[in-house]
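Chemist: Position chain B relative to chain A; hints supplied.
Protein chains: 2
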Amino acid sequence: MQRDQIKVGLVGFGTVGKGVARILHENAAIIQKRVGLPITLTIVADTDASKKSLLPSSQTSFVTDYKKVVDDPGVDIVIELIGGIEPAKTILLSALKKNKHVVTANKALLAEHGEELYNKANKMGLDIGFEGSVAGGIPIIRILKEGLAANQIESFYGIINGTSNYILTKMTEEKLPFESVLREAQRLGYAEADPTFDIEGIDTAHKLSILITLAFGTQVHFKDIYIEGITQITPLDIEYAREFGFKIKLLAIAKRRGNEIEARVHPTMIHEGEMLASVNGVFNAIYLVGNALGQTLFYGKGAGELPTGSAVVSDLIDIARNILYASSFEPQAPRVRVPLVSFLPQERKDLRIKPIDEIESLYYIRFMVLDNPGVLSHISGILGEHQISISAVIQKGRLAGETVPVVMMTHRSLERNVRQALETIDQLPYVSEKTLTIRVEGEET
Amino acid sequence: MQRDQIKVGLVGFGTVGKGVARILHENAAIIQKRVGLPITLTIVADTDASKKSLLPSSQTSFVTDYKKVVDDPGVDIVIELIGGIEPAKTILLSALKKNKHVVTANKALLAEHGEELYNKANKMGLDIGFEGSVAGGIPIIRILKEGLAANQIESFYGIINGTSNYILTKMTEEKLPFESVLREAQRLGYAEADPTFDIEGIDTAHKLSILITLAFGTQVHFKDIYIEGITQITPLDIEYAREFGFKIKLLAIAKRRGNEIEARVHPTMIHEGEMLASVNGVFNAIYLVGNALGQTLFYGKGAGELPTGSAVVSDLIDIARNILYASSFEPQAPRVRVPLVSFLPQERKDLRIKPIDEIESLYYIRFMVLDNPGVLSHISGILGEHQISISAVIQKGRLAGETVPVVMMTHRSLERNVRQALETIDQLPYVSEKTLTIRVEGEET
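So the protein sequences, as listed, match chains A and B. Residue 191 in our numbering sits at position 191 of the first sequence, with consecutive numbering throughout. Residue 2 in our numbering sits at position 2 of the second sequence, with consecutive numbering throughout.
Don't take each hint at face value.
Claimed, not checked - Between beta-carbon pairs, the in silico distance windows are:
1) A:Gly281 / B:Phe62: 46 to 56 Å
2) A:Ser61 / B:Lys123: 38 to 48 Å
3) A:Ser180 / B:Thr196: 50 to 60 Å
4) B:Lys97 / A:Lys67: 45 to 55 Å
No lab work stands behind these hints, which were simulated from the structure alone. Positions of the beta carbon are idealized from the N, C-alpha and C atoms, including for glycine.
Next up, chain A with everything else stripped away, as it sits in the complex:
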């Protein structure tokens, strides 16, 4: 079969969709130089008919019904960029059924229904590109599937939600409370009108689940991931963290120990000297340890029209190269070169995610207590009964009879013990609000 181009159809012409169209148009020459043929956006679907005027090329036709894209016999690759579960899932499954490769940036869908899509694509011998689903400006999917393929991945730590990192950065730099920074972020377009997914850690957990699948060769049941957002963090905690030499970041954490993994998302204190501590604003980064290459860090923009567009187009280039490379294949032969989720389907293994109660960590604990004599010794007594030992205490200002913060850093402790101790402590009459804990990553000092 002699081809003169690779034809692409796109469903969903929002921010990222526009970025994809723009990159395919503006970087057409350089893409053709790298692939050997043009990659042409032949058809775009969006329910909002007014978006037709935003198409950068007159070669592209515009429709309002996604079925026209999926059913178009000329289209080699269908891109889904509408987000959410439905109709995104139906679009991808229908395109696979029509024997088309697909590309998506839909992390929620992959986190919750990825297995069904991977299975369908594997059965059809088709590819699913999802480089745009995590950290658009960092080619982390391809790095895990190819660049680091010789490694057993031991652990990784990611700042992979730009909105929450922007909010924590601003709270740190300008000593402002969460709510006012969130409002500012919404005004600037860095946070959505309903910011729940970002600030509650759900978006981070979606991406964590995709990365774990690739890194460890396991299915992830999304509900097993422990998730805690940033809404409880106050400027006071950021200031205490600074005094201890830490920054507070919303981290996605994954560690493998034998057949068990830790998979959790929560605000975390990390030493200010760590490279992750310097990742500010809407930038993303992933710090990763492999058993051969040691420590690495990948840093870039997390989202946006062009960074995520660049990731989506890198998937198109990869699939286009495979199509061209395989163009002398039997039509029945599989057309996926690199296993969809980095491991062969039959070689994946279910690893158990440790419940949060079973993890061990260092902890920052902030109590709000009435400043009475004996309070400190009572609290530390209860912690001691739960096998929690304290490495540092800060209590500033003394205001007999007033509520003051008392901050403790612990040695390595079991989460279950911390929770049980705090349940008891939070019922004491002189504890005036729910005690806040922030897990600390790093070695004991």
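Modeler: Below, chain B without anything else, positioned relative to chain A:
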């Protein structure tokens, strides 16, 4: 053809060779899960027969004549890890002639004779893997060829020589002179007995030339790269840099403007807030700007048995995946999926490297002068005559009649003007030694 394994032959069983053997052995299970078949090291050649005892697997045979590897009809992929130009070049060309894919980590060979090898491989439809040639622990070759393929690369800045970065880091942290840190690095094995390639910037330039080829789609004539090492840097300059808020790093710099590029290696001052400024010790990093994804940074170990071994094995995995993917191909079909140097051979274009005289930069200039009245005004007068304007001056301590350092920071200036001005200034009777300049990257402040 039904295969049950991919067979690999290795020439050169030094540090990296041992790393490759160890990774193929210890990570065999995970590699097979990702590829679908085992990748087996069947034969190793090294002129030192005593190395046979270091083989991790009894499946591997050992020979002292590399020709037995190249001629072995069972071998699918030949790895060259002996370094240097010959016989490395002959080994790779003979293996290609014998219809085998090849993998190398030989940056000097690729920088100086890469085109001959790429041409031969393209003619044969064979692959050359060289992920191990630059920054072993960072999959930067694959990132440029695939992850960022949708981008026009605009510029990049690399710390890509661990030895010189280790020396500059130690000089900075411990305020020690170059020579004593070099001796310490030699003692610890971080610098070779003859450290010329590392400390004079040649190794960095070899790697820069490979990255430019991939990023910009051009041939690089190695001699056109401007190269300056770190031997002239003193603790005094590092201290002045600190006062201005800078760190000194040996950078590989590449910028593209239309059909011209800058390609240079020299000690460079960068703001201490830049992520590259925090890359310390033997770590490497590459900061890169693409027209779609914006700014990214990739960080990891630069060299060593396992990091570079990991890179070499990632090439084996890539080629193995291609072999399996294409196993139903006609034998005559090309077996390279991604163009060797990121662009199709016919789509590459020769870009001119600007001679160093034509670049513009900010400059740190350290004069050693006799502390006489009028010296400062005379020197700044000469700079002014050459269109060089000064943004800051530091002259500490006054010792009439003694030699003292006078440090100036300039606004953006043309290199040629700086050189001409200094030629004049260095002949003044009260200038007591050759004036030192360090280019400063960053915006005017």
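Chemist: Regarding Lys97 (chain B) and Lys67 (chain A), is the given constraint of 45 to 55 Å on their beta-carbon distance met?
Modeler: Taking Cβ atoms as reference, Lys97 (chain B) and Lys67 (chain A) lie about 53 Å apart, which means the hint holds.
Chemist: Take a look at whether the Cβ-Cβ distance between Ser61 (chain A) and Lys123 (chain B) falls inside 38 to 48 Å.
Modeler: 41 Å, holds
Chemist: Okay, Ser180 (chain A) versus Thr196 (chain B) on CB: inside 50 to 60 Å?
Modeler: Roughly 58 Å apart at Cβ, these two residues keep to the hinted range, so it holds.
Chemist: When you take the CB atoms of Gly281 (chain A) and Phe62 (chain B), is the distance between them in 46 to 56 Å?
Modeler: 54 Å, holds
The structure agrees with every numbered hint stated previously.
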